[in-house]
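Trainee: If you want the building blocks of each chain, they are given just below.
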Amino acid sequence: MRLDRMVVTQFEGRRWTLPAQVYAAPLELYDGLALSGSDVEKELQRLAYRRVVEPGRNDAPVQTGTYRKVGTRIDVGLRATRFADGARAAETLSITVADGAITGLRDGAGREMPIVRFDPLLIGSIFPIHGEDRIVVTPDEVPPLLPAALKAVEDRDFDTNRGVNLLGILRALWVDIRARRFDQGGSTLTQQLARSYFLSPRRTASRKIREAIMAIALDEHFSKADLMNAYINEIHLGQDGNRAINGFGLASEFYFGKPLSELDLREIATLVALVRGPSYYDPRRHPDRALKHRNLVLDELVQQHVVPEREARLAQAAPLGISAKSAGAYYPAYLDLVRRTLRRDYREQDLTEAGLKIFTNLDPRVQADADRVLDRELARLDRIHKALSAGAALEGAVVVTAPQSGDVMAVVGGRDAAYDGFNRALDGHRQIGSLVKPFIYLAALETGRYNATSIIQDEPVSIRIAGGKLWQPENFTRENYGPVPLVRALAESLNDATVNLGMDIGLDSVAHSLQRFGLDAEPPKNPSLLLGTVELTPLEVAQLYGGLANGGFRTTLRAVRAVISADGKALKAFPVEVESVAQADAVYEVDRMLEQVIERGTGKPARYVLPRGLVVAGKTGTSSDLRDSWFAGFSGDDLAVVWVGYDDDRVTGFTGETGALPVWSHLMADIAMSSWNVPMPDSLQEVTIDYPTGFRADGACSDDLVTLPVPPGTNPPLKPGCPGSLGAAIGGAVQGLMQRTGKWLQGFAH
Amino acid sequence: MNAALRCVLLALVALLGAGCGSLLGPPYQPSPAPQPVHSAPAPGSSTVTPPLTTTPQTQPPPLAPAPPPPQPPSRQYRLGAAASALVGQASQQAAAGNPDLAQATLERALRIEPDNPLLWTLLGEAHESAGQYALAGSMGRKALQLATGDARAQAGAWRLIGDSLRAQGRNSQANEAYSRADALAAQ
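Chains as they are written, first to last, in our numbering: chain L, 28 to 777; chain X, 50 to 236.
None of these hints come from the bench; they were simulated from the model.
None of these values were measured; they are calculated from a predicted model.
Think of the CB as a built atom: it goes at the ideal place given N, C-alpha and C, for glycine as much as any other residue.
Keep in mind that the hints are not guaranteed to be accurate.
To be verified - On the chain X side, residues computed to face chain L include the following (Cβ under 7 angstroms):
1. 146
2. 149
3. 152
4. 153
5. 156
6. 163
7. 187
8. 197
9. 200
10. 215
11. 229
12. 233
To be verified - Beta-carbon label-pair distances, calculated as ranges:
13. X:235 - L:710: 15 to 25 angstroms
14. X:235 - L:536: 51 to 61 angstroms
15. L:367 - X:224: 22 to 32 angstroms
16. X:220 - L:504: 49 to 59 angstroms
17. L:506 - X:215: 54 to 64 angstroms
Please take these sequences and the hints and turn them into a complete structure.
Mentor: Take a look at the structure:
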């Protein structure tokens, strides 16, 4: 019998295609970590640990997958899990928290532990387009109630039948013929398995017969336990966009955010109810239907004596308990980056079929903050410019990295973070505007002819460009400020001063500076490069600014930490890579100037949002005609790049300061834990100047002082009127004269 | 165990206080002075903000004609308990012949204290023993940048830089790095 042989060989050699599973970075817990009790709880809930309240049993071992709070202590039954560097067995952990920080970690035997990891959160899988996604479970991972319930509801004679139920088929055929349609009632579990595994979903009578023959063949050659396990892994239980949710293992994660082994009666009943119609009974889209059908399943379980009536009634009184989709599962923009990273080393088929486990640097806390802040701030900005936008919705993108290691912690590809569409963080190439300026100032400092206090001329510029045309850039305010110190020109993002500086050091060195920090292609060397006409994605900007945040060391951005095979073998690691690409002292000077962007320049509004005393550095960017609004900046441990604009490139009406900066500063206020605080290189010293003019000064003669690092021997002229200055010695009468002299001196201050 | 691997192991042990003169200088003595490492909690925890420091900006220096270069404050980097535990674990992994795991474990420590030059030096040593000399040298330079004010940490970084240069056949530069290391270690 040909069909029989085909069924047996195919089923014997069965190997479900296993999409690669992708995990977030696990949270590391250690003494002193700033994490409150509610933070710990939030984290446990994200990982679908269930809180138990058992007064009087507070010293009994806590069950795997649950936690309990006892005063300032949180006891957790950690699940067995796998990390990039090895497996961990289930174990008990007691966390003590005081004053918003972890003060102690102990294992089940009461031993102190210096460091413990929570489970890495499963954030998704890489499935083929229009493809099946599943998590395969072994029989010991299946709660015994599930097969019992499946049998009771779907196939009472499963243990004794021969793969088909003849009476059932006849009855179904009769019903179907009368109703002039074919339905799937009357199928045994084995038939359903055969249909799902071998046949197309078309419903015809001949298919029904083939299905029955195949079911008989399966039943003859395989054990009931084997068939049940195959069924549990095979069957379709839902749809998530173009991703098919197959098998109870994935369904459990998809609907409840936790492993199958931890499901309780009501949750199992909900999944069993889904077998009959995953879309009709979709508990997220049709909760009423799903609830009603779940309760019917529970009734059936009582009638078949699978569960006691009291338990079933309790379960029927409980809500569905479906996890919010956003809390569990899906980070399309980040997964997009993961997929692109891996495509360099793996064939598509390896990723969608071979059951790889991929450990990433996604920080779910940072990602959630970034999603939320972008969405909220864009809604606010939309309201401000309702008239201008003519109803169009602003878009945005965010990338957050840890600059020292290059870890990419969060990627938001658009306003609807759960939408798997155009990924602006990776594909949105937009003019970066003044984000280019720090690299011009860096190149200037590296020549040795400039320092942070050097005076440059903010005067109208007119440059003859290709085609003989004149290029005459203007400051945003359309005013010029004359001689200004470097720090002020950068902090206030003065275009004319910057173009003068850039033309002096040359476009080659500016382009070279950008390339050293990670720009892939050589930018066009037009004078307009000095005002950021180069088009980059937020991810590329994060790469460039990473080098500034990291003291002149370029760190390759990494979404993936490691890849391991289905059987736990390490396949590939992506180690931290650093390379020195600039003079460390020049980068330090630039960073201190970028700090002034926030303290008194175009980034100043951030100060009203950020915690007092948190030192950050960054830069606004606005493209011509206000089409793109950018902010890129960093604290001690986080770097964030924000872009805001319209997809069709229309005018937003926002500068970097009014559009992207609010998103950036609210996000930083949430996630930044430490100040930007790099030690000053030994090769520099500090000098205090009058910020507007660049003269050396003190509190007696200036109310706008800034202290900056400069190379030794840098000695800006003393501000007229300061104690010790020539002007003060002669007296106020000749101050006007001295101010003119001061201006004259500025010419020599380079 | 090959020699390179043993070298890393020794470096790791040195950091834990067991002593190894050749790579990182004498072991770090616990000092009662406040720990200068700004402890870097895991990124992302959102509700608690630890005390933060601001760079002083309003304190003008004395208006002498040419202020003398200020001496950087002397400090001594140490590892926090969590990073120490991970370094210990990495040393065991290296000893068991798993240099890749050891590297991954050191990276875990680095995520907790990204500004600690000792960890950059250790990770650099691990790459040095794996034959990635240029990367090891870069990590040495990164450590050196962070080690401002800590002569011993600087000495360790210079030794790593020297090792990386020597392995790349740049002997005279390597010797220069070693003599800087020796001079710093003698301070």
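Trainee: Can you tell me whether the CB distance of residue 235 of chain X to residue 710 of chain L sits inside 15 to 25 angstroms?
Mentor: The hint (15 to 25 angstroms, Cβ to Cβ) holds, given that residue 235 of chain X and residue 710 of chain L are roughly 22 angstroms apart.
Trainee: Mind checking the CB of residue 187 of chain X against every CB in chain L and telling me if the closest is under 7 angstroms?
Mentor: Hint on residue 187 of chain X: holds, closest Cβ of chain L at ~5 angstroms, below 7 angstroms.
Trainee: Starting from the range 22 to 32 angstroms, see whether the pair residue 367 of chain L and residue 224 of chain X falls in it by beta-carbon distance.
Mentor: violated (44 angstroms)
Trainee: Does residue 149 of chain X hold up as a contact with chain L if the rule is Cβ-Cβ below 7 angstroms?
Mentor: holds (6 angstroms)
Trainee: Hint residue 229 of chain X vs chain L: min CB-CB distance below 7 angstroms?
Mentor: violated (13 angstroms)
Trainee: Can we keep the residue 197 of chain X interface hint, with Cβ of chain L closer than 7 angstroms?
Mentor: holds (4 angstroms)
Trainee: Given residue 152 of chain X as an interface hint, is its Cβ closer than 7 angstroms to any Cβ of chain L?
Mentor: holds (6 angstroms)
Trainee: With 7 angstroms as the cut and Cβ atoms as the points, is residue 233 of chain X at the interface with chain L?
Mentor: violated (12 angstroms)
Trainee: Against chain L, is residue 215 of chain X within 7 angstroms by beta-carbon distance?
Mentor: violated (19 angstroms)
Trainee: Taking the closest Cβ pair, is residue 200 of chain X under 7 angstroms from chain L?
Mentor: The hint is violated - residue 200 of chain X has no Cβ within 7 angstroms of chain L, the shortest such distance being about 11 angstroms.
Trainee: Could you say whether the range 54 to 64 angstroms given as a hint is met by the Cβ separation of residue 506 of chain L and residue 215 of chain X?
Mentor: The hinted range 54 to 64 angstroms holds for residue 506 of chain L and residue 215 of chain X, with Cβ atoms some 58 angstroms apart.
Trainee: Can you tell me whether the CB distance of residue 220 of chain X to residue 504 of chain L sits inside 49 to 59 angstroms?
Mentor: Once the Cβ atoms are compared, 57 angstroms apart, the range 49 to 59 angstroms for residue 504 of chain L and residue 220 of chain X holds.
Checked against the numbered hints above, the structure breaks hints 1, 9, 10, 11, 12, 14 and 15 and satisfies the rest.
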